[in-house]
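Student: Using the sequences and the accompanying hints, generate a full structural model.
As they're listed, the protein sequences go chains A and B.
For reference, each letter of the first sequence is one residue, going 1 to 338 in this note's numbering.
For reference, each letter of the second sequence is one residue, going 1001 to 1600 in this note's numbering.
Think of the hints as simulated: they come from the structure by calculation, not from any bench.
Keep in mind it's a predicted model, so treat the numbers as computed, not measured.
Mixed in with the good hints there might be a few duds.
Within a straight-line C-alpha distance of at most 20 Å, the following computed SDA-like cross-link-like pairs (lysine to any residue) qualify [what the hints assert, rightly or not]:
#1 LYS1507/B - GLU1403/B
#2 LYS271/A - LEU1568/B
#3 LYS1556/B - ALA176/A
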Amino acid sequence: MLSEIEMRLLQNNSKELAIDSIFLGGGTPSLIEPKQLEKIFSIISKFATIKSTSEITLESNPGTLTNSKLSGFKSVGINRLSIGVQSFNDDELGVLDRIHSAKEAENVVIEAYKSGYKNLSIDLIYAIPGQTLRSWSSTLNKAVKLPVNHISAYNLIYEEGTPLFDNSVNGKVQPASNDYESKLFYKTVHELGEAGFEQYEISNFAKAGAKCLHNLKYWRGEQYLGFGASACGCVSGVRYKNVPDVHKYISSLKENTLPEISSEILTNKQKRTELIFLGMRSEGVFLDYLLEPADFEKILNYIEMLLQMKLATLNKGILKLTTEGYAICDEISLNLIP
Amino acid sequence: MENFRNFCIIAHIDHGKSTLADRLLEKTGRVTEREMVMNQILDDNPLEQERGITIKLHAIQMDYTSKAGVQYVLNLIDTPGHVDFTYEVSRSLAACEGALLIIDATQGVEAQTISNLYLALDANLEIIPVINKIDLPAAQTTLEGVKKQIIDLIGCKEDEILYTSAKQGIGIDEILEAIVERVPPPIGDPNAPLRALIYDSIFDSYRGVVVNLRVFDGTVREGDKVVFMATQKFYDIEEVGVMYMKRHRTKELTAGNVGYITANIRNLQDSKVGDTLTHAANPCEFMIDGFKIVKPMVFSGIYPSNAEDFESLRESLAKLGLNDSSITYEPESSNALGFGFRCGFLGLLHMEIVRERLQREFNETIVNTVPNVRYHVVMTNGDDIFIENPAQLPPTVKIVDIEEPFIMAQIITPSEYIGNIMKLCLDRRGTLKNQTYLSPERVDLQFELPLSEVIFDFYDKLKSVSRGYASLDYEFIEYRAEDLVKLDIMLNGEPVDALSSIVHRVKSFHWGQRLCSKLKELIPRQMFEVAIQAAIGSKVIARTNVQAIRKNVIAKCYGGDISRKRKLLEKQKEGKKRMKQIGNVEIPQEAFLAVLKIED
Ligand SMILES: Nc1nc2c(ncn2[C@@H]2O[C@H](COP(=O)(O)OP(=O)(O)OP(=O)(O)O)[C@@H](O)[C@H]2O)c(=O)[nH]1
Ligand SMILES: [Mg+2]
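Tutor: If you want it as C-alpha cells, here you go:
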C-alpha cells in the first residue's frame, strides 16, 4: 500500500496539495500497529503536506482497542476515533455476529476518552431483526450519555453474500417493515436531537463543531484519494476503484502499475447527478443549481411541493431536506436529478 | 387445367395443418430435406414460429406425379386455426376446390373443426377428412371414437377417412393420391375474358403490393393492362408468377391456377382483397363474389411510451396495416397518455400479435390500454353513434340506450364438464340456446354471450374448467341494449380516461373493487397518499389507497459507494421517466392493462 500511496501522490503532483483529513477505514484498521501507521503518515508527508489542523480518523472495533493501542495511535497522530459499537444490546450484537459485548463496547469508549481522544464517534445500527423501539431507544440513551460528540446511526442493510442476507432470503430472520424502519428513523433523529446531536446527513449526527470533515468532503463532491485493495478515489473528475483481491493488488503494485479495476471520467450529467443526490443527503443544494436544466418548470413545481409538504426548507438559497424529507431522500433525489 | 388441384388445409388450432404441409412439401420435392430447416416451415413469421401457431394463410405450389404417372400441379394453402383469423380461412377457401380437414386423433372434433368445415361446405369444396397424430399412444384408445365423430359430422363413409402422422411422415402418399383423385379439377375457360379473385395481398417494399390471386377464367400475362373492378384502378402488370418457398416467376397464369402478380401498386387500398381483376380492354362481365368485410371486434389504445414517438408510431401502424388489412387505427388523445391511436383488432390474440410486431419489427415502445368492444349508443336527440373508447361515452342524460355486441358461441366439450361450463357462461351473462350430443360423451353447446365478457379471460377459464378439453368458436350475431354503465377510475380525484371501462351495472360494483385493488398493487407508493376510486357518474362505488412512502433512502453513502449509488439512481430515474403522470400521481405503464390481469 505504501507504494500505491507513493505512486498516486507523485502522479497527482501533490507537493502543492495540503491534506486536511485522513480516514483510515474499511475492514478492521485498528488491528494495525501504531508503528505501521507512522510509516504511512511519513510516506504521505514525503509527497504532500498534512495540515496541522487535519482530522485524522481511525475506524476501529471495540474488541481490538487495548489501552496500549489507544495511546499508541494517539501518539502517531490519530485525533479522532470511530468505534463500531453497533448496539448496546447483547442479543442484537449476536444477531449481527459481533464478537464484542455491550459492556466491552461501553468500556472501550470510556477508555478512549480517558486516553485523551476528544473526538469520538460511534456507529450504531437500527432495524436489526428482533430490535424493538424500546431496545433501540435504550441503545440511543446509553450512547448519548457516553463522552462522544458524533454518532452514525445506520438502518441495517442486507448485503448480498452475508449470512444475514441468506437468512432473510430463507426466512430465518424477518427484516423490519418499511413503516417500522421509518419509526426507528424518526425515533433516532428525535432522541439524538434532544441530546444535542444535529442531523447533518441521513445517518450522521454531531454535536456542535464535531461534524466529520472527511465525510463532508465526499458529500460536497470534493477530491479524495483512496489507497488499498478495494479503495476508491476521485480526482479531477476521474473516479477510480482498486481491485478487491489483495493478491492482485500486491502483484500489480510489484509491477509498478496502479491496481485499478476501473476508472471512469464523469460526464457533466453524472457529476450533476452526484452533486444533487449527495447534497440532498446532507447539507442541501443551491436552488439555482437545481433549477438549471431544461425541466425548469417541472422542477420548480416539484420544489414548491416539497416546501409545502415540509419535506424541505429553503434557507439562504439552499434547499435542504427536513427529517421527513431525509426519510424519503432517494425518492426526492430521483425527481431532482437529470 | 385438368391437372391442376387447388386445396387448402383446414382444422381446429394445433391439429397439425402446418406440420402436414411440411411433409407434402418434402414429398413433392418442393422443399428438400436439407432445406427443411425448421418445423412448420410455412410459418415464416418469427412470431408464428415462437408461438407455434399460424397467423396468416400461406400458399405454395407443388408438382406431383401420381401413382398412375400423371403430372399434376398442386396449389396448397395452409390456414390458421385460431378463431381470430377465421377470415384467412374464408379467403383461402375461395381459391380452392377441395379441403383437407385435419382432425387430431386424440382430440377429436373441436369447435373450429366444425366451423371451418361449414365454411368449406358453404364454398362447395370437396372435403377430405384426415385423422392426424395417429402415432400418439393415446390415439389407440381414441381413434375409433374420433372416426365415428367424423362420420357423424360429415356424413362420409368410413373408408373415405385417411390416417396420417404428419410428424412421422406416415400416410402422406395416400393423401397426395386422394387429392388428385378426389379434389375436382378447376373449371374455367382459359380463352374467356380474364376473371381472377384477389384472396390476399401483401406489401413488399421493393415490389409494392404483391397480389395473390386465383384465376377463374382467362390468362394474365406480364405487360397486360388490368383493372381492379371494385376500385376501378388501372395498372400495367409487371410480374406474374406462382408461389414456391419464394416468388417464382412464370410470366403468365392461366385459368384454374393460383399465383401472384405485381404492378408497382403502392396503395394497398387499390387492390382490395375480394376484388376481381380483369383486363382493361376486354373486361369480364361479372365480378366474383367477394368476401364479407371483417370488422374489428376488439379495440384498444396504443400510445407511444415517449410522446415524441407519435409520428413514428403512426408510420409503423401504416406499414403494419399494409400486410394486415384487418387492423384499423384512428388518432386519439388521452389525459393520461397523450397522443396515440385507437386500434381495432379481430380478437385478443390479434391484438397481442400486433403489439408484439410493433415492438419487434418496428422497435416501437408502446403503452397498450385495456381492450374493449365497440358500443352502439342511441341518444336522446335521435342520433346514434358507435364508440370504440369508453371515455367517449356521452353523458348519461343524453343516452337512451347503450347496445353491445352479442355473439353465438359454440362450445364443444366432453359431457362431464357441462356443469362447469354452464356456470361459467351464466356468470358471463350468457344464455344457453342449444345443446346437441355429438356422441354420448361429447356435446355441442350454443350460448349467446356478450362479446365483452368473452374477450378477457373467457378462453383460459373455459380451458381450466374443462381440463383443456372444451373448445370455443364464436360469431357475431347482433347488438343488444343492456344495462351498461361507464366506470371511471380516479386517482387523487383526477379521472384517468385511459382506465375507463363500460360494464354491466350488476357487475360494476365487484369490477370496481377488483380494479381498485389491482391498481393498488401496481401503483408504487409515492410521496403522498394516492386515493384510488372507482365511480359511476359522481357516485364512488369502490375505493382504496396507496399509502405514502415512509422511508426510501439508502443508509450509507461514502467515498466508495458513490458510483454504485449513482448508477442505481440513474436506473431508477429511467424507470421514473417511463411512468405516466396524472396530476401529481405517477402511474407505471403496466397499470393501463391492469384489468387483463384481474383474477376472479
Ligand atoms: N405426435 C404428433 N404431433 C404432431 C403431429 N402433427 C403435428 N403435431 C404437433 O402438433 C403441434 C401443432 O402442429 P401445427 O402443425 O403447428 O398445427 P396447426 O394445425 O398448423 O396449428 P395452427 O396453425 O396454429 O392452427 C406441434 O407441436 C406439432 O409438432 C403428428 O402427426 N403427431
Ligand atoms: Mg399452422
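Student: Now look at each hint and say whether the structure bears it out.
Tutor: A quick look at each hint next to the structure:
Distance restraint check for LYS1507/B and GLU1403/B: the Cα-Cα separation of roughly 16 Å lies within the 20 Å cut-off, and the hinted pair is therefore satisfied. Our distance criterion of 20 Å between C-alpha atoms is met by LYS271/A and LEU1568/B, whose separation comes to about 14 Å. Annotation: proposed proximity of LYS1556/B to ALA176/A holds, straight-line Cα distance about 18 Å (limit 20 Å).
Comparing the model with each earlier hint shows no violations; every hint is respected.
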